[in-house]
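Visitor: Sequence:
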Amino acid sequence: MLDTKWLRQFCTVARTGGITRAAEQLHLAQPAVTMTIKKLEQQLGVALFERKQGRMQLTTEGERLYQHAERILAALALAEQDMAALHDLNTGEVSIGIPSMLGSFYFPPLLMAFKHRYPGLTLRIEEAGTQDLLERLCQGRLGLGIVLTSSLPPGLTGLPLLREEMVAVVARDHPLAGLGALDTGTFLSQELAVFRHGFFHREYIEALARQSGLSPNIGFESNLIPLLKAVVRQGFAVTTFLRMVIRDEPDLIPISFAEPYFLDLCLAWPRERRLSRAEQAFIDFLRRHHGEALQSPPKDVIT
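Take the sequence shown: its position 210, counting from 1, is numbered 210 in this note's numbering, and each next residue is one higher.
Worth double-checking, as some hints may not be accurate.
To be verified - Ranges of calculated distance between the beta carbons of each label pair, as one might list FRET restraints:
{"id": "1", "residue 1": "30", "residue 2": "215", "range": "46 to 56 Å"}
{"id": "2", "residue 1": "39", "residue 2": "259", "range": "50 to 60 Å"}
{"id": "3", "residue 1": "4", "residue 2": "113", "range": "29 to 39 Å"}
What the hints contain is simulated information worked out from the structure, not anything from laboratory work. Virtual Cβ for every residue (Gly too), placed ideally from N, Cα, C.
Let's have the full structure, built from the sequences with the hints guiding it.
Guide: Written out as structure tokens, the structure is:
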């Protein structure tokens with residue numbers, strides 16, 4: 001039988017890429033972690049790691065064990081949270097994966113309102129690209145995550161949350177700033193500042209390129225929204241954002257595409273996975289908020 005303590009140490013080594021960093025995170029002595037990995041390999045009869053360029057990388061067998069271990073540890077964490085919240089919601093944890101743009105501009109007020117409603121619950125936010133979040137949800141390694149509604153597979157349940165326009169963004173003094181709409185060819189010919197692969201921002205630009213048969217002119221890659229804004233503001237490149245991201249940025253000008261594109265995003269969770277009481281409370285909270293938002297008139301109109 002596999003010891004869950006061994007699995008936690010194994011997963012930490014896999015994530016950090018080294019015994020020393022894993023031991024530091026786990027607050028254990030380095031020889032103890034080394035011995036755990038050796039015992040695990042001996043018990044299973046396979047090599048779990050190989051050293052490449054100074055890092056410990058998973059072997060094929062290690063990758064398989066890592067997937068199983070992540071699911072096992074996630075299930076144990078869920079059980080612990082559920083038991084803690086069995087009698088009330090004064091204890092427990094909600095882990096949710098959120099893409100950068102939503103984590104910075106859409107979710108903070110909602111998360112603070114939820115925390116005010118349930119002050120005893122802990123919120124753990126994991127920032128990642130939508131593709132990474134989708135993969136982790138499908139593998140049972142993540143309980144809740146924000147993904148594209150269009151990408152939702154049959155194994156996930158989704159609660160619609162947001163429909164927002166993707167717009168081109170340029171500096172106020174950029175030659176394109178006065179346009180009412182921007183065609184794909186003109187946009188892709190500009191030097192672009194983009195997110196890295198795996199984020200819906202990058203996926204959208206790549207989809208535009210495929211549809212038009214053109215190659216995007218990528219000059220900057222970063223997942224840091226303030227950095228992308230600075231690059232665009234200084235006139236070095238243009239980009240795309242959800243319109244909400246630059247709503248209070250007078251130096252950045254949004255331009256709709258000639259064929260306007262709207263993203264539909266939802267809160268998703270594995271269909272067959274039992275939710276903790278804390279997670280269910282979070283879903284119910286967002287469901288009520290979403291219903292209230294639909295019934296309320298818009299606070300501002302974008303023209």
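Visitor: Tell me the numbers of any earlier hints that the structure contravenes, in ascending order.
Guide: none
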